[in-house]
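Undergrad: Order-wise, the sequence lines are chains A and B. Residues 1 to 524 (the working numbering) make up the first sequence, in order. Residues 1 to 373 (the working numbering) make up the second sequence, in order.
Calculated from the structure, these hints are not laboratory results. Treat the hints loosely; a few may be bogus.
[Unchecked claim] Derived lysine-lysine pairs resembling DSSO-like cross-links, with alpha carbons at most 27 angstroms apart:
(1) B:Lys162 <-> A:Lys261
(2) B:Lys63 <-> A:Lys364
(3) B:Lys63 <-> A:Lys345
(4) A:Lys116 <-> B:Lys315
(5) B:Lys229 <-> A:Lys414
(6) A:Lys446 <-> B:Lys229
Please read these numbers as outputs of a predicted model, since none were measured by experiment.
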Amino acid sequence: MLKQFLCVVATAMTLIAQSLDSAKLLQPPTDSWPTYNGDYSGRRFSTLSKINSSNVGALSLGWVYRIGSGGAAFGGAIKATPVVVDGVMYFTIPDHVWAIDARTGREIWQYSWQSKGGEHIGNRGVGVYGKWLYFETPDCNLVSLNLNDGKERWHKSICDLDQMYFGSVAPVVMKNHVIVGVSGDDLDIPGYLESRDPETGELQWHWSVMPKPGEPGSETWPNAEAMAHGGGMTWVPSTYDPELNLLYLGTGNPQPVIAGKARQGENLYTESIVALDLDTGKMKWHFQSSPHDTHDWDAVQTPVLFDGDVNGAKRKLLAQASRNGYFFVLDRTNGKNLVSKEFVKTNWAKGVDSKGQPIPNPAKEPQIDGALVTPNQGGAANWPPPSFSPQTGLFYINASRGFSVYYIYDDDDKPEGWGGNDKGGWAEAMLQAIDYKTGAVRWSHKWEGSGIRSGVLSTAGNLVFACDPSNNLIALDATIGKPLWHVNLGNAMSNGPITYELDGKQYLVVGAGDTMFGFIMNGK
Amino acid sequence: MSVSAGIVQSTAILLAALSCAPLVDAQPPRPSTGTAQFPDAPGKDVVQKVCGACHGAEVTIAKGRTRQQWGEVIASMVARGAKGTDQEFAQVLDYLTKNLPVEANAPGPSAVAAGPALPVRRQTPGAGPADVQVVDTAAADRGKTVYIAECITCHGQKARGKDDAPDLVRSLVILHDRYGNSIGAFLKKGHPTQSGRPSASLKETEVGDLSHFLHQRVADTLRSGPYSKVINVMTGDAKAGSLYFSGAGKCNVCHSPTRDLAGIGSKYDPPTLQQRFLFPGGIGFVRGGGVARTRPVMVTVTPPSGKSVTGVLDKIDDFSVSLRDAGGEYHAYERTPQLKVVKDDPYAAHHELLDRYTDKNIHDVIAYLATLK
């Protein structure tokens, strides 16, 4: 069993890691979901079509798994996208990992970490490599477990709890690198991304979001101290193009987050999409989604990779629906901007500059007497993953259009930490289908209510799966946005949906609150 | 499986320990395992339903608050997507105010200056280590006098650094310190002081007091810190606000300063008034902490064969709609193309205005409304 298991994992990883060319990008594995995004492209598109727009009405509940059987014992919600290899599904909530049978939902093992603290707001899941699993803990550890029995192999400290860093992101294994990010939004601390050895957990490279004094980018900070405490957390898993050997990362907000008086300048490389050499961690290019942000609109939303035609030329592309309300398409070989367009209406920018970067309107920075801003702090998009379908050419994002008032609370010349915040609000929610060639919203399905934060999955069955604000998991026609099937889960979907095929049957799995739901197409 | 069994056992012990001790003086400390529970009290189920949909109890119970502060937290959560009825939010407010009062965050009995790192309760909202130093305010006040005597000239009033003197709020010596253990070791090595007194001669109690003072400065910068309040929204021109009210804003189509808005300037403090007029459908709190009343969304449903039913909208999505009629009776319908559904949101005009207001309009209108005492 173990040997076979190893073989399958190795094959899956090899397929992705060694030979993922442009054509293979379009053919991710179908019997597994081996990374946070299912493959390295971040598209969350499956070539499976046994569940499709003709038969989705027959999609049925196959199994249910509630964490902690009593439900409330563990608290919180499943925000992890499960990883599936060799018929076993692995997922997390903060400090806890589960292995369940991907066919039946039955528990195989469960692991708990004894915590020394840290923010327990959410955990995005695990990375796998060979027979090992990796996850981060709120108290700043990277932990490796044996996939077979959940026994700990080692753990390594990856951040400083006293500075209020914490671990929440799902590690992603790329070649022989375990890529780990860090979280933290209380004190003013620098963000970074690290590569760790999959066997030992030792550091391979460390990329600092902040430049050092004198380096390119340092001119976008007023002084070395502001730069050394400038934020830029690495909240969301990276994507990867094996052909270019480049890793793509969206970085978090500058700090102090709202009160930016003592960090004048563009604040590179916060709120940027950056391309790093996978083997060295050296930055190849950057594009800043929000220069000098003061609204907590981290630009960590998944940089989605696909190939396509823009302006008549076939290109390697990268697209992001950013928290600030803008949809960006870049040439991922060099970071050159091709499309910048709002995917919801905003009021904070004066347009875009020659590089395609939005120009923030200083009047919409937080003010002592308040500035009415849209999007609100939650953003037009947030961490829940979007999806891109090469079949429809549409980029799907569960979006929000909200207003709130941003205030400066600390009028000191050197505000620190949370010297301001936003208050109140009104919002509406919609699933947006964006034409990547122009950034135009091809169709928009407006939900009743607001506040939904769920991931999206698209499939070759001409389907998009998303959750509405009323806890309905909905399958929509990917081409025209018409709802075709739904089920009320009782809680909002709290992660990104996944799909895989085992024994000839296609499964759809979503997490909602403390429960994992496995749907199955039994019919034809 | 051994991994699993051990965990179940330790979790059970932890839960037993938690449920036996009242939350406000939980000793030994709550380990931060993500298994923290809301206190057992009426309303717990509603809190778990409304708050637990997104986050664990730990995030909520980390800090006690006043009723007004809890109200602001709830309002902020509603804006971030928290789901519940007005009644449920009112229950959540009552529960949190009663069971997690501001005293829950008061310093513990650990005011031993420069003692060993003591097990303490968390004071930050989830972030940071479980053994974070709990600031003793009396010790911090004493530490302030030490700071003023020896440190303030170089490190500044808020300890945020000046010229070449480091920012102590961001200092790793301070952040790694517990009750003076790092600060003491640092000062023992020798450091300039204002009085010229050798830093190594500072007594252990003085170092401990200084530690509390500096940790208090760090805590000041958190979301829960003392700066987290609106300073002043009264910057507008009341006369211009009055003109907007009856002019471009068309507020006077629905409102009157002598009828429904009479006394509105006394009912709400200005920051709340600003929020209420921009987002009247949200949860809001009047001076003193009562919940502001909001008008419900009404809906009229007309089946293909049958007569219309109008009532207070209960729930609506793409697939169904439910309401309560004037008699309190519940009606629910599957939504089909033949079913006519017309919503009447009393605040629709306010939502449309969000795209039209300038910030100047907003500040002028507040200045005007505040005059309606």
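Undergrad: Compare the structure with each hint and give your call.
TA: Cross-check of the supplied hints:
no.	hint	result
1	B:Lys162 <-> A:Lys261	16 angstroms, holds
2	B:Lys63 <-> A:Lys364	31 angstroms, violated
3	B:Lys63 <-> A:Lys345	37 angstroms, violated
4	A:Lys116 <-> B:Lys315	42 angstroms, violated
5	B:Lys229 <-> A:Lys414	17 angstroms, holds
6	A:Lys446 <-> B:Lys229	34 angstroms, violated
In summary, the structure is inconsistent with hints 2, 3, 4 and 6 from the numbered list given earlier, while agreeing with the others.
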